[in-house]
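Please build the complex by placing chain B on the supplied structure of chain A, with the hints as guidance.
Just so you know, the sequences run in chain order A and B. Heads up, the first sequence is in the numbering used here, so the first residue is 5 and it goes up one at a time. Heads up, the second sequence is in the numbering used here, so the first residue is 247 and it goes up one at a time.
Some hints could be false.
Said to hold, decoys possible - 25 Å max Cα-Cα, derived SDA-like pairs, lysine to any residue:
no. : chain 1 : residue 1 : chain 2 : residue 2
1   : A       : LYS46     : B       : THR547
2   : B       : LYS277    : B       : LEU730
3   : B       : LYS589    : A       : ASN78
4   : B       : LYS654    : B       : VAL523
5   : A       : LYS23     : B       : SER564
6   : B       : LYS277    : B       : LEU292
7   : A       : LYS23     : B       : MET584
8   : B       : LYS727    : B       : THR253
9   : A       : LYS46     : B       : PRO545
10  : B       : LYS589    : B       : PHE344
11  : A       : LYS39     : B       : GLU598
12  : B       : LYS505    : B       : GLU533
13  : A       : LYS39     : B       : ALA660
14  : B       : LYS620    : A       : ASN78
15  : B       : LYS727    : B       : GLY284
16  : B       : LYS725    : B       : ASP251
17  : B       : LYS339    : A       : THR45
18  : B       : LYS357    : B       : LYS505
19  : B       : LYS630    : A       : ASN47
20  : B       : LYS505    : B       : GLY688
21  : B       : LYS630    : A       : ASN59
22  : B       : LYS727    : B       : ALA281
23  : B       : LYS630    : A       : LEU13
24  : B       : LYS339    : B       : GLY596
25  : B       : LYS339    : A       : LEU43
26  : A       : LYS23     : B       : LYS581
Just so you know, these hints were derived from the structure itself, not from any lab.
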Amino acid sequence: MEIEHVAVLSRLELAEDEKRLFSKQINSIIEYIDKLNELDTKNTKPTAHVLSIENVFREDRLSPSLPKDKALQNAQNRTDDFYRVPKIIE
Amino acid sequence: MELFDLTISEAQAAIEKGEITPTGLTRAVFKRIEAVEGRIKAYVTLNGEHALMQAKEAEHRREKGDRTMLLGIPVAVKDNMCTEGIRTTCSSKILENFIPPYESTVTGKLKEQGYILTGKTNLDEFAMGSSTENSGFFVTRNPWDVERVPGGSSGGSAAAVAAGECIAALGSDTGGSIRQPAALCGVVGLKPTYGRVSRYGLIAFASSLDQIGPITKNVRDSAILMNVISGHDKYDSTSAPLPVPDFTSVLGQDIKGMKIGIPREYFIEGMDKEIEVCVKNAIKTFESLGAITQEISLPHTGYAVAVYYILATSEASSNLARYDGVKYGYRAKGKDLMDMYMKTRAEGFGAEVKRRIILGTYALSSGYYEAYYKKAQQVRTLIKQDFERAFETVDAIVTPTSPTPAFKAGEKTADPLQMYLSDIFTISVNLAGVPGISIPCGFTSDNLPVGLQIIGRHFDEETILKIAYAYEQDTEWHKRKPVL
Numbered sequence: 005m006e007i008e009h010v011a012v013l014s015r016l017e018l019a020e021d022e023k024r025l026f027s028k029q030i031n032s033i034i035e036y037i038d039k040l041n042e043l044d045t046k047n048t049k050p051t052a053h054v055l056s057i058e059n060v061f062r063e064d065r066l067s068p069s070l071p072k073d074k075a076l077q078n079a080q081n082r083t084d085d086f087y088r089v090p091k092i093i094e
Numbered sequence: 247m248e249l250f251d252l253t254i255s256e257a258q259a260a261i262e263k264g265e266i267t268p269t270g271l272t273r274a275v276f277k278r279i280e281a282v283e284g285r286i287k288a289y290v291t292l293n294g295e296h297a298l299m300q301a302k303e304a305e306h307r308r309e310k311g312d313r314t315m316l317l318g319i320p321v322a323v324k325d326n327m328c329t330e331g332i333r334t335t336c337s338s339k340i341l342e343n344f345i346p347p348y349e350s351t352v353t354g355k356l357k358e359q360g361y362i363l364t365g366k367t368n369l370d371e372f373a374m375g376s377s378t379e380n381s382g383f384f385v386t387r388n389p390w391d392v393e394r395v396p397g398g399s400s401g402g403s404a405a406a407v408a409a410g411e412c413i414a415a416l417g418s419d420t421g422g423s424i425r426q427p428a429a430l431c432g433v434v435g436l437k438p439t440y441g442r443v444s445r446y447g448l449i450a451f452a453s454s455l456d457q458i459g460p461i462t463k464n465v466r467d468s469a470i471l472m473n474v475i476s477g478h479d480k481y482d483s484t485s486a487p488l489p490v491p492d493f494t495s496v497l498g499q500d501i502k503g504m505k506i507g508i509p510r511e512y513f514i515e516g517m518d519k520e521i522e523v524c525v526k527n528a529i530k531t532f533e534s535l536g537a538i539t540q541e542i543s544l545p546h547t548g549y550a551v552a553v554y555y556i557l558a559t560s561e562a563s564s565n566l567a568r569y570d571g572v573k574y575g576y577r578a579k580g581k582d583l584m585d586m587y588m589k590t591r592a593e594g595f596g597a598e599v600k601r602r603i604i605l606g607t608y609a610l611s612s613g614y615y616e617a618y619y620k621k622a623q624q625v626r627t628l629i630k631q632d633f634e635r636a637f638e639t640v641d642a643i644v645t646p647t648s649p650t651p652a653f654k655a656g657e658k659t660a661d662p663l664q665m666y667l668s669d670i671f672t673i674s675v676n677l678a679g680v681p682g683i684s685i686p687c688g689f690t691s692d693n694l695p696v697g698l699q700i701i702g703r704h705f706d707e708e709t710i711l712k713i714a715y716a717y718e719q720d721t722e723w724h725k726r727k728p729v730l
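Pulled out of the complex, with its shape left as it was, chain A reads as follows (with noise of 0.2 Å):
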């Protein structure tokens, strides 16, 4: 595994002990799971979902939802009625 890479993906800032000490577990941990590969799956479906669960509908009617002032509250940076983030475009 090419920890930096996947770390990127992750998007997770890792110290370089970090880098080692997670590829080394994470090295172990895959080794360990590597055992699935003992079993023979080429005729078998895979299940993301227990239940029997299709799509589910429903009427697409206006509803009370969150006011603007709660759904911000939490937000550690906002002006009126925005979130600020760092300037994305130059």
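Below, chain B alone, put in the same frame as chain A:
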């Protein structure tokens, strides 16, 4: 008997007879918390003042003739269920100051039934762990031996129930997180069938596995809480649109002639000898109660941990992508948006959460998806089929809940894989989506509790509650209390 040792049904009866009041009961529980919490550390947030207001309100409701199921009963809630206006942290620094703007469905139901919230209990960060040592704040201790862990991830809830720091509690279970701590703390923990209880407002870990369930002092209380929290919810489309039975109605029914399967794969080498003895004695008790026990096979048991650590981490890596420092939670400073994301998550998450996000991201990444994620989903099918086949011949399955009693704090933290293997007997149940209950079935020579797991068919919690209750009536284990 001390008031804080009362069960839900005992407290209800005492309130009904006028022997105690909700306020008196709440005060007694908080006095107990004051006395032992310094040693146990079960709670992240205590709800003291507000709880007394709730107690007063319960008294008013009673005067008006209200007799709802939890009126005036102090209940603890694991800190991964959203409580409107009350801090909900998931025991993570990234949510340390998060005040939910809405109520989870389960706590909403507890409210309707008049409960008193004692506080929010500690867990392994984002429910990832088996010892509560992964909490971002502090480690919870086992009331039977404070040098040992309470199990996890619902360790705070299980310890609070065992120590009398609440009358009952809610936990959540993704791979054993209700049943294993219940076993290690000598209390009753039930993971309902996937879909029985709404997950709305439960902070997601692995959405195809997570279920909320009760942690209680006895089986009757487990059935009472199941009556409160079960049922379809329009806010959770994975909750099952099925009627909810009265789970207490089966308690006391005969188990004569019921078929109980004992899977040979659960009596493995390396299992603690004293646990094996306790479980084998429990099997004899079932036989003496007239049940028919037979050996069965769940042949793919040995692959469950491997399947779980692909599926649970994959789902977690996706679920935890929402913690980006923008809409809520901790935010670090960064030179641009990407840098802000990377630093926010690096500083906000603990080591185990990072490890699992990385493993899950890897399993889902381009080129590895088929080898890991899809393969794990296929083996999940085989595990599910094991149970389907077994339930063609037996009504329930009995196993140990955990291969060892409570272990010492620090004993397994260095090796994540060893920690993962402590869930070896509980994980298959989540993968198959079936219900499982852990009940006390004895003690080791060190006076540590041992748990027995009873597993049932999909949406047949009634059978496992019935069997658990029959066992409990015949034994005294659940009456023992830790000395604190």
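Against the structure, the hints come out as follows:
no.	hint	verdict
1	A/LYS46 x B/THR547	holds, 19 Å
2	B/LYS277 x B/LEU730	holds, 13 Å
3	B/LYS589 x A/ASN78	holds, 19 Å
4	B/LYS654 x B/VAL523	holds, 22 Å
5	A/LYS23 x B/SER564	holds, 21 Å
6	B/LYS277 x B/LEU292	holds, 12 Å
7	A/LYS23 x B/MET584	holds, 19 Å
8	B/LYS727 x B/THR253	holds, 13 Å
9	A/LYS46 x B/PRO545	holds, 18 Å
10	B/LYS589 x B/PHE344	holds, 19 Å
11	A/LYS39 x B/GLU598	holds, 23 Å
12	B/LYS505 x B/GLU533	holds, 10 Å
13	A/LYS39 x B/ALA660	holds, 23 Å
14	B/LYS620 x A/ASN78	violated, 37 Å
15	B/LYS727 x B/GLY284	holds, 18 Å
16	B/LYS725 x B/ASP251	holds, 10 Å
17	B/LYS339 x A/THR45	violated, 41 Å
18	B/LYS357 x B/LYS505	violated, 39 Å
19	B/LYS630 x A/ASN47	holds, 15 Å
20	B/LYS505 x B/GLY688	holds, 23 Å
21	B/LYS630 x A/ASN59	holds, 22 Å
22	B/LYS727 x B/ALA281	holds, 16 Å
23	B/LYS630 x A/LEU13	violated, 32 Å
24	B/LYS339 x B/GLY596	holds, 8 Å
25	B/LYS339 x A/LEU43	violated, 40 Å
26	A/LYS23 x B/LYS581	holds, 22 Å
Hint violations for this structure: numbers 14, 17, 18, 23 and 25, all remaining hints satisfied.
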